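S.K.: Residue strings, one per chain:
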Amino acid sequence: MRTITKKPEVLAPAGTLEKLKTAIRYGADAVYIGGNEFSLRRRAGNFTIDEMKEGIAFAKAHDAKVYVAANMVTHEHDAKGAGEFFRSVRDIGIDAVIVSDPALIEICATEAEGLPIHLSTQASATNYETLNFWKEEGLERVVLAREVSMDEIREIRENTDVELEVFIHGAMCISYSGRCVLSNHMSMRDANRGGCSQSCRWKYDLFEVDSSNQRQSLLGGEPTEDFSMSAVDMSMIHHIPDLVEAGVDSLKIEGRMKSIHYVSTVSNVYRQAIDTYCKDPDNYEFNPAWEEELWKVAQRELATGFYYGIPDESQQLFGKRRKIPVHRFIGQVLDYDEETGIATIEQRNNFGIGDEIEFYGPGFTHLYQKVEQMWDEKGEPIDRAPHPMMIVKMKVDAPVKKYDMMRKKR
Amino acid sequence: MIELIATAESIDQAEQLLEAGVDKLYIGEEAFGLRLPESFTLDEIAHITDKAHAKGKEICVAVNAIMHNDRIKTVIPYLKELEKIKVDEITVGDPGVIHLINKNEINIPYIYDAQTMVTSANQINFWVKRGAKGAVLARELPYEELKEMRKQVTVPLEILVYGATCIHQSLRPLVQNYVNFTKQNTKTDKDAGLFVSEKKDPETHYSVYEDINGTHIFATDDVNLLPFLDQLVETGLTTWKLDGIFTKGESFVEIAKLFVRAKEAFINKEWSNDLMKSLQEKLESLHPEERSMSAGFYTMDPSDVK
Ligand code: SF4
Chain A
1 MRTITKKPEV LAPAGTLEKL KTAIRYGADA VYIGGNEFSL RRRAGNFTID EMKEGIAFAK
61 AHDAKVYVAA NMVTHEHDAK GAGEFFRSVR DIGIDAVIVS DPALIEICAT EAEGLPIHLS
121 TQASATNYET LNFWKEEGLE RVVLAREVSM DEIREIRENT DVELEVFIHG AMCISYSGRC
181 VLSNHMSMRD ANRGGCSQSC RWKYDLFEVD SSNQRQSLLG GEPTEDFSMS AVDMSMIHHI
241 PDLVEAGVDS LKIEGRMKSI HYVSTVSNVY RQAIDTYCKD PDNYEFNPAW EEELWKVAQR
301 ELATGFYYGI PDESQQLFGK RRKIPVHRFI GQVLDYDEET GIATIEQRNN FGIGDEIEFY
361 GPGFTHLYQK VEQMWDEKGE PIDRAPHPMM IVKMKVDAPV KKYDMMRKKR
Chain B
1 MIELIATAES IDQAEQLLEA GVDKLYIGEE AFGLRLPESF TLDEIAHITD KAHAKGKEIC
61 VAVNAIMHND RIKTVIPYLK ELEKIKVDEI TVGDPGVIHL INKNEINIPY IYDAQTMVTS
121 ANQINFWVKR GAKGAVLARE LPYEELKEMR KQVTVPLEIL VYGATCIHQS LRPLVQNYVN
181 FTKQNTKTDK DAGLFVSEKK DPETHYSVYE DINGTHIFAT DDVNLLPFLD QLVETGLTTW
241 KLDGIFTKGE SFVEIAKLFV RAKEAFINKE WSNDLMKSLQ EKLESLHPEE RSMSAGFYTM
301 DPSDVK
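Chains as they are written, first to last, in UniProt numbering: chain A, 1 to 410; chain B, 1 to 306.
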């Protein structure tokens, strides 16, 4: 029986220490975080050096890696302190930095020798000669532009041996990364320095100019619709075999701003799908439960971006949105007593007796349970758990584990 | 030494621009170059190059596209042809092209032009160490930053003094997708003259079109740095680009003449506020009526941008 031993890495976003730990527990081989400076998601809860240290220790204990994004495109003076920053993340054991700005790459290569560099998607690398260029500059890995198709990835793989990383899940920029300054011009917020105001998702009027030089709005089509550039999100869950066989080294999930509910769910699903495929690729069958699971944390419709062709109108957010049944994250298991069958839970959203809830855990375990009995910390029976972070106990019909999470349909 | 570079939309206009006194023409083919007024074949490029050289002028060819595999494969043959034609320089934005130039010993000087991504002296110096003979500055740079950059770079830095600013390039056919969804029948190429405006600010006017490099969106205001030319000269930013993508034919040639006049005035040390004002007045009358102009990010304070 054929098996695949060189599995691609599942790379998950980690906006906070809690998310880092969650992603790794739920199957991520690596996580990427933001440093306090030089990072594009300025609002995405960046890490201090001490938090990084704790994250690295946790990752090492679980055989996982931690990368730091330093993907801003610097202006004069922005790069001040970069050498110091790269040295300090190197010295505490960060596995690589993700950079797009050549000035930062040079600083990193000369002032923090030994720290592996990954080229950020922000640099829009779209062909194998570009990858060969960066390989000769000493980079370890290149994150490909989202505009690269599956066929192009295969050809790139044949023509370069630098590590390849691709986005497989999450929200997407609709421009070539780095080549959009809509936000700079419309909101005075620099998209390449972490300030993007997502102008592409705004509503616009579209005009043509007729023969008598009069502007004519084109919004009057059928169906009527404002002009917008907003795109659906990406999911490659249906195409794990292609990604593995193309020889991609790392599969990246977008979303340093996303919740632990999101990070745990998405990491869990891709971990499961990749393991299933690699264990027995010739008898692989897609499990529809994976896709269902991803829909529980989806914000928009899901599609495959540029992997199988140039995205048409079905990959833009036009018209009526499909109703996505939102699942609410309600708590995390802190403890489970086998003898009594009682779980201790830290509440994250209001729930109570009569609710149909779902437990899920690492390894894609699931338990569906109606809440029958609950107690507060003092052991007093209660009907609902209304307070954020309150500790409650409840009876479950089958074992659950510490760090399992709970959600319910809204 | 002030150098004036202008785009050209036809062989005719190219000749007129040379006649008008620009120092260098910026032309190319759309398969390799971004957002050109016209896509020229190699034969046409050869023809224009001969004309320019006969007048002691130069040609820069745009090779600044973001290349996918299919195109990177055809770059070397293209560059070899340009070498034969003896064009004077090219612009390049894709490191893959730089890799190929260095590996294949292509003897055409290249100017680094990654559009929005050229924002600091250290970035430019990175490319200079890898062979770049100059760089095209991003348009999102306030004067204060330009001044700092100029001090730390030895190669020429090209700055847009007149013309449109691209603020977005997507490989998605963003307009075609919309037109398909709303079941309309509208052309989306450059000649269609489409633009979008913000719902909350109907005064805005972002030109948009599609070509083989994707969808391109342009800023409301075209850049005009005529009132600041003295400051540019003083700072040593003297490689001036005039971009005629939305300013057609005669008008563009006439505008080029205004900048030639300005250049001469600096050489003869006769630049004055009055001259600037009269040139500015003429420029305003020649600039397309439906398009507005400003100094863009040039006059902003670096701290205005978050
Ligand atoms: S405006 Fe949209 S396309 Fe542009 S940088 Fe922001 S998210 Fe990306």
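Derived from the structure by calculation, the hints contain no laboratory data. Quantities reported herein were computed from a predicted structural model and do not represent experimental measurements. Hints are not guaranteed to be accurate.
Stated by the list, open to error - List of simulated lysine to aspartate or glutamate pairs, DMTMM-like, C-alpha gap at most 25 Å:
hint : chain 1 : residue 1 : chain 2 : residue 2
1    : B       : K73       : A       : E137
2    : B       : K200      : A       : D226
3    : B       : K199      : A       : E222
4    : A       : K401      : A       : E301
5    : B       : K103      : A       : E140
6    : B       : K183      : A       : E313
7    : B       : K103      : A       : D161
8    : B       : K80       : A       : E136
9    : B       : K187      : A       : D383
10   : A       : K203      : B       : D211
11   : B       : K151      : A       : E111
12   : B       : K190      : A       : D312
13   : B       : K133      : A       : E291
14   : B       : K183      : A       : E301
15   : A       : K80       : B       : D301
16   : B       : K187      : A       : E137
17   : B       : K73       : A       : E222
18   : B       : K200      : A       : E111
19   : B       : K129      : A       : E137
20   : B       : K129      : A       : E313
Claimed, not checked - Sample of chain A residues lacking proximity to chain B, with all beta carbon distances greater than 12 Å (derived):
hint : residue
21   : I4
22   : E140
23   : D161
24   : G221
25   : D226
26   : F227
27   : V326
28   : V333
29   : I342
30   : D383
Note that beta-carbon positions come from the ideal geometry of N, C-alpha and C, so glycine has one too.
S.K.: All hints are to be evaluated individually against the structure, with a verdict given for each.
M.R.: Here is how each hint holds up against the structure:
1. B:K73 with A:E137: holds (21 Å)
2. B:K200 with A:D226: Holds - the C-alpha atoms of A:D226 and B:K200 are around 13 Å apart, at most 25 Å.
3. B:K199 with A:E222: Given pair B:K199, A:E222 holds - Cα atoms ~19 Å apart, limit 25 Å.
4. A:K401 with A:E301: Measuring from Cα to Cα gives roughly 32 Å; hence the hint is violated.
5. B:K103 with A:E140: holds (21 Å)
6. B:K183 with A:E313: holds (11 Å)
7. B:K103 with A:D161: Distance of about 18 Å is within 25 Å: holds.
8. B:K80 with A:E136: holds (24 Å)
9. B:K187 with A:D383: violated (62 Å)
10. A:K203 with B:D211: Holds. A:K203 to B:D211 sits at ~23 Å (cutoff 25 Å).
11. B:K151 with A:E111: holds (23 Å)
12. B:K190 with A:D312: Judged against 25 Å, a Cα distance of about 20 Å means the pair holds.
13. B:K133 with A:E291: violated (52 Å)
14. B:K183 with A:E301: holds (22 Å)
15. A:K80 with B:D301: holds (19 Å)
16. B:K187 with A:E137: Not OK: B:K187 and A:E137 at ~43 Å, beyond 25 Å, violated.
17. B:K73 with A:E222: violated (42 Å)
18. B:K200 with A:E111: violated (47 Å)
19. B:K129 with A:E137: Satisfied, since the Cα-Cα distance of roughly 12 Å is no more than 25 Å.
20. B:K129 with A:E313: violated (43 Å)
21. I4: Fine: 25 Å to the nearest Cβ keeps A:I4 off the interface.
22. E140: holds (16 Å)
23. D161: holds (15 Å)
24. G221: violated (3 Å)
25. D226: Check fails; 7 Å does not lie beyond 12 Å.
26. F227: Incorrect as stated: the minimum Cβ-Cβ distance to chain B is 5 Å, not above 12 Å.
27. V326: Non-interface label stands for A:V326: nearest chain B Cβ at 26 Å, farther than 12 Å.
28. V333: With a cut-off of 12 Å, A:V333 remains clear of chain B, as the shortest Cβ separation is near 41 Å.
29. I342: holds (51 Å)
30. D383: holds (46 Å)
Checked against the numbered hints above, the structure violates hints 4, 9, 13, 16, 17, 18, 20, 24, 25, 26; every other hint is satisfied.
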